[in-house]
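Chains as they are written, first to last, in our numbering: chain F, 1 to 521; chain P, 1 to 521.
Quick caveat, the hints were computed from the structure, so don't treat them as lab data.
Misleading hints may appear alongside valid ones.
In this list, chains with the same sequence are indistinguishable; a pair is considered to hold if it fits within one copy or across any two.
Said to hold, decoys possible - Only pairs whose alpha carbons sit at most 27 Å apart, straight line, appear in this in silico DSSO-like list of lysine-lysine: (1) K396 to K334; (2) K56 to K261; (3) K16 to K175; (4) K334 to K237; (5) K56 to K347; (6) K265 to K56; (7) K16 to K73; (8) K334 to K347; (9) K73 to K396.
Number of protein chains: 2
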Amino acid sequence: MRRIDLTSAGFLLLEKRETPMHVGGVNLFTLPDGADEQEFLTALRTQLRDCRDFRKPFGDYVVTGKTGLYWEKDEHIDMDYHVRHSALPSPGRYRELFSLASRLHTTLLDRTRPLWEMHIIEGLQDRQFAVYSKIHHAAIDGVGAMHITQAMCTEEPSAPLGYAPYSQEAYEAYKQERFGGATSTAAPNKRDMRNVLEALKQQYDSGMNLATAMRRFGLAFVGRSGNLAVPWHNVPKTSINTRVSGARRFVAQTFAFERVKNICKSMDATVNDVVLAMCAGALRRYLLSRDELPRHSLKAMAPVSLREEGDVDSSNAVGFITADMATNIYDPEKRLRTIQQSMRAGKDLLRELSPAEAALFMQLTQLPALLTSVLGMGSKFPAFSTVVSNVPGPRKPLYWNGARLDGMYPASIVFDGFAMNITLVSYHDQLDFGIVACRRSMPQIQRIIDHLEDALVELELVAGVSGPGRRGSDSRKTTRAPAKAKTLTKAKTKAKTKAKTKPKAKPAARKTAVKPKLAKK
Amino acid sequence: MRRIDLTSAGFLLLEKRETPMHVGGVNLFTLPDGADEQEFLTALRTQLRDCRDFRKPFGDYVVTGKTGLYWEKDEHIDMDYHVRHSALPSPGRYRELFSLASRLHTTLLDRTRPLWEMHIIEGLQDRQFAVYSKIHHAAIDGVGAMHITQAMCTEEPSAPLGYAPYSQEAYEAYKQERFGGATSTAAPNKRDMRNVLEALKQQYDSGMNLATAMRRFGLAFVGRSGNLAVPWHNVPKTSINTRVSGARRFVAQTFAFERVKNICKSMDATVNDVVLAMCAGALRRYLLSRDELPRHSLKAMAPVSLREEGDVDSSNAVGFITADMATNIYDPEKRLRTIQQSMRAGKDLLRELSPAEAALFMQLTQLPALLTSVLGMGSKFPAFSTVVSNVPGPRKPLYWNGARLDGMYPASIVFDGFAMNITLVSYHDQLDFGIVACRRSMPQIQRIIDHLEDALVELELVAGVSGPGRRGSDSRKTTRAPAKAKTLTKAKTKAKTKAKTKPKAKPAARKTAVKPKLAKK
């Protein structure tokens with residue numbers, strides 16, 4: 001039995017039928033040249049199911065003890081339950097994939113078992129297949145999930161069948177390769193501090209920095225601290241900030257990383273600033289189209305990693321900055337600058353703290369916002385408007401048993417008061433967005449994808465740069481049109497069947513084709 | 001707003017994450033000759049999604065009022081959510097179908113929406129497709145579900161596209177055709193009585209019959225009432241009577257009705273008696289194989305309909321007889337006779353009561369057993385050992401938009417203390433069994449299917465009759481063998497793909513082929 005730390009336990013204790021607390025996402029792959037789909041996927045399934053030695057806590061289930069929650073080993077783990085094989089109905093477009101992922105992301109994990117599921121999904125067009133995975137937030141955070149995908153893949157296209165992604169072997173090998181086997185040297189007081197009682201005790205020991213931070217935070221609340229945005233302060237109510245139902249919608253999209261980087265260079269902004277500005281522009285458009293743009297700006301909760309380099313062990317090492325999304329500002333450049341200033345102010349605040357202090361600070365200031373939300377008051381007292389989470393991913397193309405990883409689209413959590421979550425991963429030369437929303441509060445979430453493109457084009461215009469593969473300066477008009485953003489326009493309905501019956505008839509030219517994007521304009 | 005009656009509300013109030021309270025099942029169809037699978041299934045999906053006028057409560061969701069639970073109309077019903085299109089991975093055997101149905105039956109319905117889902121499932125072999133449906137027990141009982149399948153189908157193979165099965169039109173048309181439009185004339189006191197308070201008040205008015213029944217029930221409890229079996233009395237504990245986890249396994253099988261009828265004739269027993277004896281034989285074998293056959297006999301809860309002919313309206317009109325399963329008796333004939341006597345005693349008791357009194361009696365005597373179970377004490381104080389429910393179904397072959405209904409396999413509820421539920425439907429000339437079990441307590445539920453066949457053969461031997469299509473008197477040995485009971489042995493792995501690419505290449509001989517059975521020996 002191992003004690004579950006407080007932040008992780010919170011995700012378990014506050015989980016409700018309407019607010020499942022799992023994270024995950026869709027990884028998209030292309031079959032290796034010449035591989036038979038059935039043989040290949042069956043081999044993957046067998047590999048995944050044969051795992052017997054799990055990294056923590058993938059072989060454990062939750063038990064309630066006298067003094068809290070504990071992980072205990074599941075001696076009869078039922079791998080057929082955890083590793084599933086699914087299929088898309090014809091014609092097997094991304095639309096069908098998103099529809100399935102939406103359903104899979106809706107249902108609760110079984111609490112009497114290790115808190116994860118993995119679904120191999122066949123039936124996509126163009127020799128692609130997908131893996132949807134679902135892991136309880138008590139077991140992992142976004143960066144941790146990224147480590148798992150990275151650990152299961154390799155940069156070698158022709159590497160042999162590796163370890164199951166959640167195996168102890170994969171974990172050890174990855175840590176060895178990536179960090180030379182140096183385990184995280186977090187001081188015990190950093191980990192233990194996550195217990196609230198100890199945290200409060202610590203409060204008196206952590207000296208001046210924390211006191212300063214608290215004071216700054218308080219000043220921001222009463223409006224006298226420059227650009228620092230704080231939760232609850234002037235957070236408007238919109239249709240995004242409602243109670244949520246149990247059902248989810250999931251959509252995803254890839255954007256070329258270079259387009260964002262070009263804006264960064266030209267505007268002297270960070271990737272995070274530009275990504276937040278994209279989201280802000282998309283949100284502004286969405287709210288305008290529904291005629292509910294509020295007078296006050298939306299605030300976004302932007303999680304930042306408190307994980308130290310080399311720490312691949314912590315389940316949850318994450319803090320939050322409150323970003324002012326400047327949705328009430330018409331001018332896109334001014335909007336970007338406002339966002340940038342609020343992010344700088346938030347980071348300055350965290351930078352003055354040690355990682356341990358930062359973790360404590362988060363608990364004292366921002367976690368209550370999550371609590372309010374989960375306790376069902378989030379829709380009455382929104383602490384933020386939405387969540388925009390930018391997770392750094394692998395910088396080189398990855399392969400899983402020879403199958404190229406075409407994209408990794410995260411799927412995160414929504415709850416009362418935050419009916420939408422935008423999470424993105426930087427992978428190689430692309431930015432992969434995964435958006436999860438409450439199916440009832442935001443029935444037309446796919447529009448956000450179009451709005452994101454519009455907002456990116458707008459920023460490119462402001463920055464005086466032009467995105468690769470776009471048609472020129474009139475693109476702002478043309479990108480508005482395609483309602484079929486999620487369908488592969490070049491794909492024929494029969495492509496799936498053909499690929500199945502004649503896997504070798506397709507030319508190997510595929511690998512040199514343009515990188516797969518979920519929306520091809 | 002319409003008040004939800006007490007029994008129905010019970011299913012809502014007592015539902016837990018580990019014990020979802022929905023019923024449903026898998027309907028298996030064969031595509032009409034010459035129909036293109038994609039076109040046909042797309043048309044079905046459209047028909048189902050286009051429904052706007054629902055029979056009650058299929059357009060309603062549950063709201064909590066001051067004095068109980070109510071149905072309220074969902075003004076923004078999201079039909080894409082309720083009507084889903086799924087697919088099986090290759091090779092598309094029944095194994096893959098059961099695997100998908102097990103998962104779909106595991107997850108909770110969304111309480112903020114009308115409490116049903118319907119899944120069109122493609123990817124089966126031999127031009128079959130399936131529909132899995134899932135309806136909250138608060139909205140329907142087994143007989144009601146049967147009425148819905150019957151209302152959506154017709155005996156005419158070439159009838160045009162009909163109404164959606166849960167539409168008000170289908171409901172009206174069905175009632176008109178079946179019962180000449182005569183609505184149920186249940187006295188108001190019968191319905192209202194389901195409220196516990198009123199039921200208790202009624203108790204003093206319902207006179208002698210009920211008092212007699214209660215006395216007989218009491219005598220049985222202390223062992224002085226002949227063959228009447230009662231809940232809790234000497235109910236042994238087995239691995240079936242444990243706490244359940246949230247995950248389910250579903251398996252199904254068709255048996256020829258004639259085989260059971262032949263035994264009935266020869267042994268002077270009812271269909272229900274013989275079916276219970278089949279289940280008892282299967283349970284005895286299962287427990288023997290696990291070396292845990294208890295000294296006392298298992299008791300089965302056998303639901304009986306309290307629905308009056310012509311009543312297609314009541315959500316829940318169901319009572320229960322406690323059947324002595326005689327699992328401790330070696331001799332199959334004696335076992336059948338013991339079961340028969342306990343069923344007769346139970347029916348005698350109910351027969352003396354008016355339907356209203358019977359409903360009341362059930363509430364006072366048997367519903368507490370359900371309560372114990374749902375409150376989590378079922379595994380400590382099992383009231384019954386299992387549930388065996390025999391639902392009379394349509395007597396002629398049915399078609400849905402021209403697709404032949406090949407089988408209807410019910411999927412019901414398990415909860416703490418009852419880790420397995422056997423429900424069967426008599427359809428035309430077959431008995432379709434659907435078995436649901438807790439995935440953790442009964443990991444090898446597919447064995448029950450084999451044991452059922454063995455028990456049937458045993459009864460045939462005792463009765464001196466021989467089942468049609470079987471190989472003779474040595475079948476008792478041969479039926480033991482096939483571990484692949486759930487796979488179509490004649491089907492090739494590539495059949496699915498072929499059927500997809502060349503739907504018209506298949507000969508029309510299919511219709512004259514033998515009736516599809518889930519296990520072909």
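Point to revise | Hints violated by the structure (numbers, ascending) | key: 1, 2, 3, 5, 6 and 9
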